[in-house]
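These protein sequence lines map, in sequence, to chains A and B. All residue numbers in the first sequence are consecutive under our numbering, ending with 1578. All residue numbers in the second sequence are consecutive under our numbering, ending with 595.
Calculated directly from the structure, the hints in this document are not laboratory data. Using N, Cα and C, we set each Cβ at its ideal position, and we do this for glycine too. Check before you lean on any hint, since a few could be wrong.
DSBU-like cross-link-like pairs, simulated, lysine-lysine; straight-line CA separation at most 35 Å [unchecked claim]: (1) A:1496 to B:512; (2) A:1496 to B:414; (3) B:482 to A:1339.
Only some residues are given here: those of chain A computed to face chain B with a beta carbon under 10 Å [what the hints assert, rightly or not]: (4) 1174; (5) 1178; (6) 1205; (7) 1310; (8) 1324; (9) 1401; (10) 1449.
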Amino acid sequence: MEDNRIATHPILAWNRENPVRITYDGRQITAYSLETVAMALYAAGVKQYSTSSRFYRPRGMFCAIGKCSSCMMRVDGIPNMRTCVLQVRDGMDVETQHGDGKFPDAQAAMKGVKEKNAEVLVIGGGPAGLEASLWAAKAGAHVELLDQNPQLGGQLVKQTHKFFGSAKENAGTRGITIAKKLIDEVAATPNITVYSGFTAFGWFQGAICAADQDHAVLFHPRKIVVATGAAEKMLMFKNNDMPGVFGAGAAQTLMNVYGIKPGNKVLMVGAGNVGLIVSYQLMQAGIEVALVIEGAPRVGGYLVHASKIARNGVRIMTRHTVLEAVGTDHVEAAIIAEVDENWQPIPGTEQRIECDTICLSAGLKPSTELLEQAKLDLAYTGELGGWVAKRNWAMRTSNPDIFAAGDASGVEEASTAMMEGKIAGLQAAYDLGHADVPVEEQKETRHNLDDLRAGPFGVKICIGLKCVEVLE
Amino acid sequence: MRSSYDCVIVGGGISGLAIAYELAKRGYKDVAVVEECYLGSGSTGRCGSGIRAQFTSPDQIVLLREAEEMWVHMSDELEYDIHFNACGYLFLWDTPELVEKARQNVAFQNEYGIMSRIIDRQEAKEICPSLNTDSFLVGQWYDKDGKAFPFDTVTGYAQAARRLGVDILTTTHVFQLETTPAHTFTVHTTQGNIETKYVVNAAGPGSKEIAAMLGVDLPYRLDKHQIMATEPLEQFLGPMLVKNSLYYLQTHRGNIVGGTDTGDKNAADVDCTFEFLTKFAREATEIVPRLAGVKLMRQWAGYYVVSPDAHPVLGPIDEVPGFFQANGYSGHGFMMGPIVGRLLAEYIAVGKPSIDIEHYNFRRFARGELLTEKAVIG
Chain A
1107 MEDNRIATHP
1117 ILAWNRENPV
1127 RITYDGRQIT
1137 AYSLETVAMA
1147 LYAAGVKQYS
1157 TSSRFYRPRG
1167 MFCAIGKCSS
1177 CMMRVDGIPN
1187 MRTCVLQVRD
1197 GMDVETQHGD
1207 GKFPDAQAAM
1217 KGVKEKNAEV
1227 LVIGGGPAGL
1237 EASLWAAKAG
1247 AHVELLDQNP
1257 QLGGQLVKQT
1267 HKFFGSAKEN
1277 AGTRGITIAK
1287 KLIDEVAATP
1297 NITVYSGFTA
1307 FGWFQGAICA
1317 ADQDHAVLFH
1327 PRKIVVATGA
1337 AEKMLMFKNN
1347 DMPGVFGAGA
1357 AQTLMNVYGI
1367 KPGNKVLMVG
1377 AGNVGLIVSY
1387 QLMQAGIEVA
1397 LVIEGAPRVG
1407 GYLVHASKIA
1417 RNGVRIMTRH
1427 TVLEAVGTDH
1437 VEAAIIAEVD
1447 ENWQPIPGTE
1457 QRIECDTICL
1467 SAGLKPSTEL
1477 LEQAKLDLAY
1487 TGELGGWVAK
1497 RNWAMRTSNP
1507 DIFAAGDASG
1517 VEEASTAMME
1527 GKIAGLQAAY
1537 DLGHADVPVE
1547 EQKETRHNLD
1557 DLRAGPFGVK
1567 ICIGLKCVEV
1577 LE
Chain B
218 MRSSYDCVIV
228 GGGISGLAIA
238 YELAKRGYKD
248 VAVVEECYLG
258 SGSTGRCGSG
268 IRAQFTSPDQ
278 IVLLREAEEM
288 WVHMSDELEY
298 DIHFNACGYL
308 FLWDTPELVE
318 KARQNVAFQN
328 EYGIMSRIID
338 RQEAKEICPS
348 LNTDSFLVGQ
358 WYDKDGKAFP
368 FDTVTGYAQA
378 ARRLGVDILT
388 TTHVFQLETT
398 PAHTFTVHTT
408 QGNIETKYVV
418 NAAGPGSKEI
428 AAMLGVDLPY
438 RLDKHQIMAT
448 EPLEQFLGPM
458 LVKNSLYYLQ
468 THRGNIVGGT
478 DTGDKNAADV
488 DCTFEFLTKF
498 AREATEIVPR
508 LAGVKLMRQW
518 AGYYVVSPDA
528 HPVLGPIDEV
538 PGFFQANGYS
548 GHGFMMGPIV
558 GRLLAEYIAV
568 GKPSIDIEHY
578 NFRRFARGEL
588 LTEKAVIG
C-alpha cells in the first residue's frame, strides 16, 4: 500500500505506536490513533474525498484545519463530516461523498444540551487562546477553553522555525516547543477546563453553543475571549479546486503535525513569510520545491527566510502568478505567467511548471464568524486581513464582555497573538474582580507588544490598527 | 436615477419588484424601485419560501389559486430559474378536533377549486417516506402547493424588470414623502429627490413608517419569526410539512428550512435564540426522527407584518390619491408576490385589476369590514 508518511525528519518525530484500522469505500486502511481521517487517507494515497455538489468536480483537502468544507465525507453513516479535524477511531467507516451528502443512516447519538455557566470562556486553543486561558487562570478566574481540533495548540504545533523578537517573548524558540510548553501548562492548571473537538457554532444573546460529535454544551459566560484564528485565502485561477491545490498552511499541517508528505514536487504561490517558511520546511521533509512565485515586484517575507531557500537552489520569481492547475482529478502541472503593474497576466509569458502540488500562500482572513453573530462593530482593514473587530488597548470589543485576540482580531503572527491573548485574558479576569496577577504585568506586555510592532515589519500592522483601535 | 418617474415603488422585495416588472410588461416603463438595502433584504429573503393555496378565507384562496398558476410558469416568464417546485403541502393533524376542522377546511377549499384532500397515514408515508406515522392521525394534502427560492425569484424579477427599462436603486433610503399641490409626490431619498405621480408602498416591515410619512396609519404589528436551515443534503423529504406552528421543507439546494412558533413574537430585535433551536429540533425530529443526525447550518429571524385580520392591504388610499399599498401580508407576502404584482400593475396602468381586490383596501379597517383567516403558520 502507498504510504506518504515521512519516516525521518531533522527536527520532528511522530507517535505511530497505536495503529487502528478504518474502512474507506470498503477498503481497509491502517491509520495511527493521533491522526485525523483526512490525514490517514492522504497518507494511504487517497487525495480525493468528495465531489462538488453542483458539478461533481473532484475535491481534496484545502485548509486541513477545519476552516473550509473541502474534505467533507460520510463517516459512520453521517454526511458532511469535516474529516481533517475528525480523529480516527478503530472500525470507523469512511465513504467518499458524491455531490450532496445523503440523509443520515441512523439517528444521531446526541441527546439534549447541557448548560454551563462560565467565568471566562476562551474560544480557540491556539497561541492567543492558550495565553488568554493561562493568564486569566493565573489571575484567579475559572476558564473554559474550547477548541475544534482534536489537539490544542492551533497553528503553533506546526511551526518548526525559531521565533524572532525579544528573549522575554520566546525569541529563539521553535513554535512547536512553545506549543508544548503552553499546552503542558494548561494541563497543569486546575482552573482551566479544556473542551477539545468542540466547535463553538452559535451566539445566542450572550450564550455560546458548542458541540462535538456527541455532546452539545450551551455556555453562559460572563466574559468571552474569541481567539478563533484565521483561514487561508483562495486565489482565483482555473481549476483552483482540484485536489493537489492546498493552502500553504495546510501543507505545513500535513508535514509537521502528521508527518505526511503533501506531494513530491511543489509550486509555491506567494513569497510572504508563510510561503517562504513552508517552502523551506518542504525541503526539510525531502520534498522538491519546483519554484516559488510572487505577484508583487518584491519578496514580501523576511530576507533571512528568502535566503535560506535561495541557498538551497530554489528560484523565487517575482511578478508572476498562477493561471491554471493542469490535470484531470489531481494536479499534474501548473501554468504560470508574468503580470504587469496592474497584476494582469501578460499574454505570451505563460510557462508550464511540472508539479503535483500547488501551495497557495495568499494571506489569511480572520475567522470572525462569532464576532459577526454577536453584532460587534467591525471594520474592513486590508492590512489586518479583512473584517476585524474594533477594540481598545486591552482587546475589548464594542461588547464590553467580549474580547478578541490573535489572528481573529487581525492577521499578524504568533508572538503578537500570544501577547494579545495574555492582555485580553488578564483583562477578562480583572473585570471579574480577580487580581492575582498585578496589573503591571499586563501593562508591560502591552509595551512589549508595541515595541515588537515598532520595527519596519510592523508598519503595515500599525496602519491597520489605526483603523480599529479605539482610544479611551 | 432620474429626478422624475411616473411611478416610484418603495421596497425591493418580491412585491415591489413584481409590481415593477408587471408594470413594465404592460408598457408602463417609467418606473423606479427604491430599496434601502439589497434586493430581498427585508422579509422576502428571510421567508420560509413556501407557496400554498390551502387557506381558510375565500379571499386568500382566490388570490393564491391564481398565484400558483403564475408560479408554475415563473421561470419561463422571467427567463431565470427561480426553482419553483410543486412539492405539495402536507399538514399533519394529531387530534380528533383538528381532524374535524381539517375536513371542513378541505370541503371549503374544494368548493373554490383547491382540490386538497384528507389522506391516511400510509399515503402520507408514500408522499414523505421519512415520516413517523405515529406522530399524527391524518394528513391534509394538496399537490399544487410548493416552494420557490426567494433570492432567485427576486433576482429573476429584478433582471426582467431592468431589461424592460425599470430603474432599480439599492442602498437608497426614503426618508420623507410629500404630496405636491399638483397632486404628485416628492420622494426624498439618500440619492436625491424624485418627483412622481404614483408611489407604491411595498416596504414590508418598513411600510408602516413609509405610510406614516403621508399621514396614513397602517394598523400593523411586527411579529418576530425565526427560521433555521440545516446543511444541504440530497433530496429526501418531498413536501412541505406543517404541524401546528411547525413547518419545514427541503430547498432545491438541499437544506431543510423551516420554523416554529416561539414565545418572543413581540421582541423588537431579530436575534437568534437557543429556545427556538431546541423547540424546532424537538418538534421537527418528532415527525421525521432521522433529522436528529442532520447538522444546523444557519439561523435567522425576520418579521411578519401582521394586519388586524391577517390579510394584506392592497390598492389605493382614498385620502391620498396616487398612493398605493402592497403590504401587511401577515406572513404570506412571498407566495402572493406574483399575483399582487399583476393586480397592482393593472390597477396603476389600467385603473382596474382583473380580480376584484376592493375588499383588501385600507378603508376596510375604518369601516370594520375585516376579513377572516385562521390558517397562519409559524
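Now for the hints, and whether the structure bears them out:
Distance check on the hinted pair: residue 1496 of chain A and residue 512 of chain B sit about 32 Å apart at the alpha-carbon level, within 35 Å; holds. With a C-alpha separation of about 46 Å, the suggested pairing of residue 1496 of chain A with residue 414 of chain B is violated against the 35 Å cut-off. Using a Cα cut-off of 35 Å, the hinted pair residue 482 of chain B and residue 1339 of chain A is violated, with the two alpha carbons roughly 40 Å apart. Interface hint at residue 1174 of chain A: violated, since its Cβ lies 14 Å from the closest Cβ of chain B, which is beyond the 10 Å cut-off.
At its closest, the beta carbon of residue 1178 of chain A sits 9 Å from a beta carbon of chain B; the interface hint therefore holds under the 10 Å criterion. Here the hint on residue 1205 of chain A is kept, as its CB sits about 7 Å from the closest CB of chain B, short of 10 Å. The restraint placing residue 1310 of chain A at the interface with chain B holds, with a minimum CB-CB distance near 4 Å, inside the 10 Å limit. At a threshold of 10 Å, the smallest CB-CB gap from residue 1324 of chain A to chain B is about 6 Å, leaving the interface hint in force.
Against a cut-off of 10 Å between C-beta atoms, the interface hint on residue 1401 of chain A is violated, since the closest Cβ of chain B lies about 31 Å away. Residue-level restraint check for residue 1449 of chain A is violated (minimum Cβ-Cβ distance to chain B is 28 Å; threshold 10 Å).
When held up to the earlier numbered hints, the structure conflicts with 2, 3, 4, 9 and 10 and fits the remainder.
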